[in-house]
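Colleague: Chains as they are written, first to last, in the numbering used here: chain A, 528 to 872; chain B, 528 to 872.
Everything labelled a hint here was simulated from the structure, so no lab data went into it. There's no promise every hint is true.
[What the hints assert, rightly or not] Label-pair restraints from in silico Cβ distances:
| # | chain 1 | residue 1 | chain 2 | residue 2 | range |
| --- | --- | --- | --- | --- | --- |
| 1 | B | Thr798 | A | Glu538 | 20 to 30 Å |
| 2 | B | Gln675 | A | Ile796 | 47 to 57 Å |
| 3 | A | Ser671 | B | Gln804 | 52 to 62 Å |
| 4 | B | Gln831 | A | Ser574 | 50 to 60 Å |
| 5 | B | Val764 | A | Ile622 | 52 to 62 Å |
| 6 | B | Lys668 | A | Ser671 | 10 to 20 Å |
| 7 | B | Arg787 | A | Lys803 | 46 to 56 Å |
| 8 | B | Arg787 | A | Val554 | 38 to 48 Å |
| 9 | A | Phe533 | B | Gln656 | 38 to 48 Å |
| 10 | B | Val764 | A | Asp700 | 29 to 39 Å |
| 11 | A | Ser545 | B | Asn818 | 16 to 26 Å |
| 12 | A | Ser671 | B | Gln675 | 16 to 26 Å |
| 13 | A | Val811 | B | Asn549 | 27 to 37 Å |
[To be verified] Which stretches of chain A does chain B cover? Using the computed rule of at least three CB atoms under 8 Å from a CB of chain B, they are:
| # | segment |
| --- | --- |
| 14 | 627-638 |
| 15 | 776-784 |
| 16 | 843-857 |
Quantities reported herein were computed from a predicted structural model and do not represent experimental measurements. No residue lacks a Cβ here, since even glycine has one placed at the ideal position from N, Cα and C.
There are 2 protein chains.
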Amino acid sequence: MAGSAFEYLNETKKQIDSHIRNFLPTVHKNPEIKFFYQLMRDYPMRSGKRLRPAFCFLACEMFGGKIQDAIHTATALELLQSWLLIHDDIEDESILRRGEPCLHHQHGIPMAVNVGDALHCKMWEMLNQNVSLLGYELSFKILSEFIQLSNRVVEGQHIELSWMQEKRWDVSDEDYWMMCVQKTAWYTCITPCRLGALISGSVQPDQLEQFIHIGTDLGVAFQIQDDVLNLIGEEGVYGKEIAGDISEGKRTLMLIHLFRSCTESESAILTSIMDKQRQEKTEVEVFDVLNLMKKYNSIQYAEQKSKQFAKQASDKFDQVSGILPGEEAKQIFKSLIDFVIERQY
Amino acid sequence: MAGSAFEYLNETKKQIDSHIRNFLPTVHKNPEIKFFYQLMRDYPMRSGKRLRPAFCFLACEMFGGKIQDAIHTATALELLQSWLLIHDDIEDESILRRGEPCLHHQHGIPMAVNVGDALHCKMWEMLNQNVSLLGYELSFKILSEFIQLSNRVVEGQHIELSWMQEKRWDVSDEDYWMMCVQKTAWYTCITPCRLGALISGSVQPDQLEQFIHIGTDLGVAFQIQDDVLNLIGEEGVYGKEIAGDISEGKRTLMLIHLFRSCTESESAILTSIMDKQRQEKTEVEVFDVLNLMKKYNSIQYAEQKSKQFAKQASDKFDQVSGILPGEEAKQIFKSLIDFVIERQY
Numbered sequence: 528m529a530g531s532a533f534e535y536l537n538e539t540k541k542q543i544d545s546h547i548r549n550f551l552p553t554v555h556k557n558p559e560i561k562f563f564y565q566l567m568r569d570y571p572m573r574s575g576k577r578l579r580p581a582f583c584f585l586a587c588e589m590f591g592g593k594i595q596d597a598i599h600t601a602t603a604l605e606l607l608q609s610w611l612l613i614h615d616d617i618e619d620e621s622i623l624r625r626g627e628p629c630l631h632h633q634h635g636i637p638m639a640v641n642v643g644d645a646l647h648c649k650m651w652e653m654l655n656q657n658v659s660l661l662g663y664e665l666s667f668k669i670l671s672e673f674i675q676l677s678n679r680v681v682e683g684q685h686i687e688l689s690w691m692q693e694k695r696w697d698v699s700d701e702d703y704w705m706m707c708v709q710k711t712a713w714y715t716c717i718t719p720c721r722l723g724a725l726i727s728g729s730v731q732p733d734q735l736e737q738f739i740h741i742g743t744d745l746g747v748a749f750q751i752q753d754d755v756l757n758l759i760g761e762e763g764v765y766g767k768e769i770a771g772d773i774s775e776g777k778r779t780l781m782l783i784h785l786f787r788s789c790t791e792s793e794s795a796i797l798t799s800i801m802d803k804q805r806q807e808k809t810e811v812e813v814f815d816v817l818n819l820m821k822k823y824n825s826i827q828y829a830e831q832k833s834k835q836f837a838k839q840a841s842d843k844f845d846q847v848s849g850i851l852p853g854e855e856a857k858q859i860f861k862s863l864i865d866f867v868i869e870r871q872y
Numbered sequence: 528m529a530g531s532a533f534e535y536l537n538e539t540k541k542q543i544d545s546h547i548r549n550f551l552p553t554v555h556k557n558p559e560i561k562f563f564y565q566l567m568r569d570y571p572m573r574s575g576k577r578l579r580p581a582f583c584f585l586a587c588e589m590f591g592g593k594i595q596d597a598i599h600t601a602t603a604l605e606l607l608q609s610w611l612l613i614h615d616d617i618e619d620e621s622i623l624r625r626g627e628p629c630l631h632h633q634h635g636i637p638m639a640v641n642v643g644d645a646l647h648c649k650m651w652e653m654l655n656q657n658v659s660l661l662g663y664e665l666s667f668k669i670l671s672e673f674i675q676l677s678n679r680v681v682e683g684q685h686i687e688l689s690w691m692q693e694k695r696w697d698v699s700d701e702d703y704w705m706m707c708v709q710k711t712a713w714y715t716c717i718t719p720c721r722l723g724a725l726i727s728g729s730v731q732p733d734q735l736e737q738f739i740h741i742g743t744d745l746g747v748a749f750q751i752q753d754d755v756l757n758l759i760g761e762e763g764v765y766g767k768e769i770a771g772d773i774s775e776g777k778r779t780l781m782l783i784h785l786f787r788s789c790t791e792s793e794s795a796i797l798t799s800i801m802d803k804q805r806q807e808k809t810e811v812e813v814f815d816v817l818n819l820m821k822k823y824n825s826i827q828y829a830e831q832k833s834k835q836f837a838k839q840a841s842d843k844f845d846q847v848s849g850i851l852p853g854e855e856a857k858q859i860f861k862s863l864i865d866f867v868i869e870r871q872y
């Protein structure tokens with residue numbers, strides 16, 4: 528990744544962190560509520576990449592807009608992320624998030640569900656601040672984008688939970704893409720870019736539409752790489768427990784590939800391991816699954832697919848970005864596409 | 528309760544049910560998402576009183592407004608209720624809701640958390656529809672009311688969860704009122720009335736303020752009566768398991784009264800029972816707690832307090848409602864105050 532993209536992510540992070548810090552409440556005379564405010568700051572203040580705000584800022588800039596106009600909106604994307612992560616971690620029975628124990632492991636499921644709800648509310652509160660910055664019409668358009676996005680994310684999440692609950696392993700690559708698009712692509716790439724472009728004030732409807740195609744490919748690439756990192760990343764860098772997805776029984780592209788590649792007897796063993804509850808799986812069993820993936824090059828398959836999707840996203844971007852004025856933003860956007868598949872965290 | 532108030536609730540219910548039915552999605556080519564839509568309809572379609580929409584409609588009418596203008600807003604209050612109930616039931620480990628098993632008992636915590644999130648999103652989507660009905664300015668005012676309300680509800684919920692998690696029994700009546708105001712009064716009475724009044728287009732700021740005082744008293748009365756019904760209601764009518772609050776370890780006014788009224792040795796026994804997890808409490812132990820409440824007239828104390836708060840609400844309403852034009856709406860509103868403390872469900 529070009530140095531400029533690193534710098535851009537760092538600069539974005541500073542702005543978003545500061546905006547969140549000033550926005551979320553801290554002081555309350557009631558000690559319980561004061562503690563609640565502390566819990567609400569936990570996930571948003573854990574060190575995130577701030578990739579979604581960066582996409583939003585870049586899209587705004589490449590259309591000639593000012594990132595100051597996108598500050599509430601980009602920050603709202605991070606509040607959305609925090610709400611989703613807290614609830615996802617409960618739903619997936621995860622243990623670590625961004626290098627620390629998940630919120631429900633620290634404070635129990637009841638409090639964690641409620642803190643997620645609180646951040647969900649704060650997301651809409653942040654978006655309501657757009658009125659004084661951007662006026663009614665644009666603020667309302669932004670709300671509509673968030674509504675569309677939120678509806679898709681919960682649907683994608685439900686599909687994934689269904690597969691786990693029904694112990695379904697006959698998931699095809701196409702099923703997986705579809706789930707990724709709903710669950711990841713919209714909130715990681717498509718909507719952030721659409722929002723930035725909208726805020727610039729100079730985007731045409733067909734250009735907004737193009738971000739659906741670019742962001743779909745990029746979002747799928749992002750999710751595959753995320754799942755790959757879960758298997759081969761370094762825990763300290765990646766921030767979650769390595770191979771946690773296998774313990775959680777998550778349907779990843781590697782696993783889908785493995786199921787269709789392995790022998791019948793291996794498939795039977797694989798099913799018996801993967802169908803177990805998280806706490807019933809031994810470390811050896813998780814290791815066995817990982818070894819089978821290596822045997823059948825499932826991780827390589829996924830990495831190659833991830834690269835392929837990123838390449839498609841990049842090509843589609845090139846086809847439409849020529850006429851846009853923000854040269855520097857376009858360059859950084861391209862480097863961020865590379866970052867999505869090359870990142871270690 | 529006057530027949531007219533019954534009729535009003537029934538009429539409100541018809542309108543809200545129909546509006547929810549038309550609003551929530553049903554059809555999707557993906558079978559998982561189609562099933563998800565079914566889960567999303569579950570709580571909103573379980574038979575609720577629709578008390579909050581009724582307060583909203585009545586406030587609108589007493590200021591001379593039309594209830595058609597409040598339809599999205601009143602329905603959004605029910606979507607809020609559904610989201611909160613699904614998550615509350617998880618947080619409180621409840622079993623029954625409106626006469627049927629709680630959603631997380633039917634489909635597991637992961638899916639139930641996600642369905643609650645989906646309804647939370649749908650609440651904001653419903654509110655976004657106000658723009659074409661009421662214009663930008665009023666729509667954003669309504670959004671601001673919902674934001675304020677949501678922030679309070681999650682704070683109130685956190686206070687209650689904290690008391691349970693910290694095994695706190697030294698809760699005073701004043702602590703309890705404060706929690707009730709945050710958790711119940713705003714979303715049951717204060718905000719519904721303020722919203723209706725705002726939508727009428729003819730409310731003055733000081734009148735909006737008055738609804739805080741009226742609704743605070745009425746909301747506390749409502750919560751106390753709700754807790755009383757949990758102990759002495761009929762399961763088929765009330766819709767939740769009787770004395771479930773004792774099993775769940777909920778801090779109610781009766782329990783707070785009992786703790787300060789009973790002997791030291793009784794208090795020790797009470798603490799040892801109440802500190803147990805839900806599944807560790809025997810039926811006999813729950814019955815023992817109930818009997819102690821009867822011995823010390825704790826239920827009577829709570830009923831009397833509930834009546835007192837309702838009376839205060841009614842008096843405050845009389846002081847300010849004289850100049851309002853909607854005579855019939857005012858009459859029905861008064862009957863609804865009676866309903867809050869006389870209801871069996």
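Colleague: If a hint holds in the structure, say so; if it does not, say that too.
Modeller: To see whether the hints hold, each was checked on the structure:
no., hint, result
1, Thr798/B to Glu538/A: 20 to 30 Å, "55 Å, violated"
2, Gln675/B to Ile796/A: 47 to 57 Å, "55 Å, holds"
3, Ser671/A to Gln804/B: 52 to 62 Å, "44 Å, violated"
4, Gln831/B to Ser574/A: 50 to 60 Å, "54 Å, holds"
5, Val764/B to Ile622/A: 52 to 62 Å, "44 Å, violated"
6, Lys668/B to Ser671/A: 10 to 20 Å, "18 Å, holds"
7, Arg787/B to Lys803/A: 46 to 56 Å, "50 Å, holds"
8, Arg787/B to Val554/A: 38 to 48 Å, "31 Å, violated"
9, Phe533/A to Gln656/B: 38 to 48 Å, "43 Å, holds"
10, Val764/B to Asp700/A: 29 to 39 Å, "53 Å, violated"
11, Ser545/A to Asn818/B: 16 to 26 Å, "58 Å, violated"
12, Ser671/A to Gln675/B: 16 to 26 Å, "22 Å, holds"
13, Val811/A to Asn549/B: 27 to 37 Å, "54 Å, violated"
14, 627-638, "holds (count 5)"
15, 776-784, "violated (count 0)"
16, 843-857, "violated (count 0)"
In this structure, the earlier hints numbered 1, 3, 5, 8, 10, 11, 13, 15 and 16 are contradicted, and the remaining ones agree with it.
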